[in-house]
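Engineer: These are the residues of each chain, in order.
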Amino acid sequence: MNRRKRLFANRFHRQIFILVALAALLPMIITTIALYYLIFGITASEIGLPEIVAYYILPAAKKVTFIILIISPVVIAAILLISNRMTHSILGPYERIVRELDEHLQNKRKGPIKLRKSDKFSSLVEKINILLSKTGS
Amino acid sequence: MLNIKVKTVILLTFIITTLTESYSSALNIQKIFNFQEKDSIKDWQEKIFKDRVLYTIEAEHTEGYLLAESEQSCSGLFYKIKFDPKEFPMISWRWKVLKFPDKSQVAQEKSGWVEKDDYAARLYVIFPSIIFTNTKAIEYVWDEDLEEGSCMSSPYMENIKIIVAESGKENINQWVYEQRDIYSDYIKLFGRKPPLVGAIAVMTDADNTSSTAEAMYTDIKVGYKYE
Numbered sequence: 001m002n003r004r005k006r007l008f009a010n011r012f013h014r015q016i017f018i019l020v021a022l023a024a025l026l027p028m029i030i031t032t033i034a035l036y037y038l039i040f041g042i043t044a045s046e047i048g049l050p051e052i053v054a055y056y057i058l059p060a061a062k063k064v065t066f067i068i069l070i071i072s073p074v075v076i077a078a079i080l081l082i083s084n085r086m087t088h089s090i091l092g093p094y095e096r097i098v099r100e101l102d103e104h105l106q107n108k109r110k111g112p113i114k115l116r117k118s119d120k121f122s123s124l125v126e127k128i129n130i131l132l133s134k135t136g137s
Numbered sequence: 138m139l140n141i142k143v144k145t146v147i148l149l150t151f152i153i154t155t156l157t158e159s160y161s162s163a164l165n166i167q168k169i170f171n172f173q174e175k176d177s178i179k180d181w182q183e184k185i186f187k188d189r190v191l192y193t194i195e196a197e198h199t200e201g202y203l204l205a206e207s208e209q210s211c212s213g214l215f216y217k218i219k220f221d222p223k224e225f226p227m228i229s230w231r232w233k234v235l236k237f238p239d240k241s242q243v244a245q246e247k248s249g250w251v252e253k254d255d256y257a258a259r260l261y262v263i264f265p266s267i268i269f270t271n272t273k274a275i276e277y278v279w280d281e282d283l284e285e286g287s288c289m290s291s292p293y294m295e296n297i298k299i300i301v302a303e304s305g306k307e308n309i310n311q312w313v314y315e316q317r318d319i320y321s322d323y324i325k326l327f328g329r330k331p332p333l334v335g336a337i338a339v340m341t342d343a344d345n346t347s348s349t350a351e352a353m354y355t356d357i358k359v360g361y362k363y364e
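Residue numbers (my numbering), protein chains in the order written: chain A, 1 to 137; chain B, 138 to 364.
Looking at chain B on its own, in the form it has when it is part of the complex:
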């Protein structure tokens, strides 16, 4: 017969194994947002910075997409999702820019970077922290002028890093597919391994340039390994 110590060890091992499995399966979320249904954004939270951007679900042929129309406004759609980027580092999406915010005016009038911090389309990957000042984010943007592949810090906070995933007007009005390795990007930008991802978000804004911007998003896929 097993003595009490052995029984305790077996019981603890079982509890730890079960908890670990349920924890990792809870983080094992592959999610695809193809915006096929009219209520596809009901689980996305609207976050308003300066006035509302109009986010609507539209359809092109049989494919659904999220249309964002900004008129001197800045707000985003935010989706909480937890996964380990070390295990599931990939994120992909398709986007189409219909109109870029007009930066030509501010470029002449103001030299500040905040004034130019408008992008026709951007996708966030957010890494929350218990200490909120340590929260980090990667923003993948499509900008008219900045060089593709360039990286920089946001004018608002050092912990927000911007990667120009797509650049220029060459592909305007066309669907462009992007796939990024969050894990590698995080290490490249912050110089250390990433914590858990806590949310993703999309935003189209034109508030700083006091102009208008329009973009479409679809097939956002997160929490998967390289295929």
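Looking at chain A on its own, in the form it has when it is part of the complex:
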């Protein structure tokens, strides 16, 4: 059967992803507003004469805009990609452990719970497997 690869393993995964996305985006938005309004805007208003503003403030503002518009989306995308992979490696096995334990409880499965090498929770699964072998499940 062709299983479609899901972006999020479950609702918890999606919540963590949104939290990481907000943690990356909100400081950037706040910093941008602070830079433009509190630093550039107020400095420009204090400088007053438009030529002086154009000569001294605009080049700095253009560089900041470049960083915000070009570099920040790349950095944020990288952060989200890494966080998505990390949460996948945590939440994927977690979901499987819960599912397999349910099957054990319903006597639909026998034997130890198996994990992939790269999956987290190996020490936990080891102890659960010892417990399962003691109970004969």
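Take the hints with a grain of salt, since some may be wrong.
What the hints assert, rightly or not - Heads up, simulated EDC-like pairs for lysine to aspartate or glutamate below, C-alpha to C-alpha not over 20 Å straight-line:
| no. | chain 1 | residue 1 | chain 2 | residue 2 |
| --- | --- | --- | --- | --- |
| 1 | B | Lys253 | B | Asp221 |
| 2 | B | Lys184 | A | Glu46 |
| 3 | B | Lys217 | A | Glu46 |
| 4 | B | Lys179 | A | Glu46 |
| 5 | B | Lys240 | B | Glu183 |
I should point out that these hints are in silico values taken from the structure, not numbers from a laboratory.
Got chain A; can you put chain B on it based on the hints?
Structural biologist: Chain B alone, transformed into the frame defined by chain A:
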């Protein structure tokens, strides 16, 4: 007896009317700067671009004026004043040029416009914006060579428009009166209605041409209707 809704509406109407009146009266500022007193420029802020231009209050007979002397320098005097150019579109002033910056040398050596961006006398009307990159300005200049009435963008920024209000040496050493309609000029230059004026400024500069310039300003009048 009036019910609570009617009372609220009356109260809100009163508050809005009062606020609107006080707001428009706050913008209703006609200001005349004739530089009669020695401390006439105490409320003007000095803005330095490249070295200081010497701005002093002087008197000619009984009339005061602002004298600006630039020696390869560029700085301006800036005055914050808020008014609605739609209601009070007129600005007028008198100026006299004593010496133009020498552009002949740079015209031969360099072709860039920034190098020629020196004017014996200029008067700014500045339209600030919350987003500082949207701040706009009109500069009325007296230039030796550019044709009177011509308009162009500043080499520093598209939002700064230059209007040659006076041209040539014909009136050098003479007081010349100028009156402009800021509202019409803004529409002509930017193609839309102007926001509130936030400041005016004067500047004499000769930094780009590495020369000297001298000018006098007086009777700057802003925030009034056509008379």
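Engineer: Given the proposed pairing of Lys253 of chain B with Asp221 of chain B, does the C-alpha separation stay at or below 20 Å?
Structural biologist: Between Lys253 of chain B and Asp221 of chain B the Cα gap is close to 33 Å, so the pair fails against 20 Å, i.e. violated.
Engineer: Compare the distance between the alpha carbons of Lys240 of chain B and Glu183 of chain B with 20 Å, and conclude whether the hinted pair is satisfied.
Structural biologist: 25 Å, violated
Engineer: Within a Cα-Cα threshold of 20 Å, do Lys217 of chain B and Glu46 of chain A meet the stated pairing?
Structural biologist: It holds: about 11 Å lies between the C-alpha atoms, which stays within 20 Å.
Engineer: Going straight from one Cα to the other, do Lys184 of chain B and Glu46 of chain A come out at no more than 20 Å?
Structural biologist: 9 Å, holds
Engineer: Holds or violated: are the alpha carbons of Lys179 of chain B and Glu46 of chain A at most 20 Å from each other?
Structural biologist: 17 Å, holds
Consistency note: the structure conflicts with the earlier hints numbered 1, 5.
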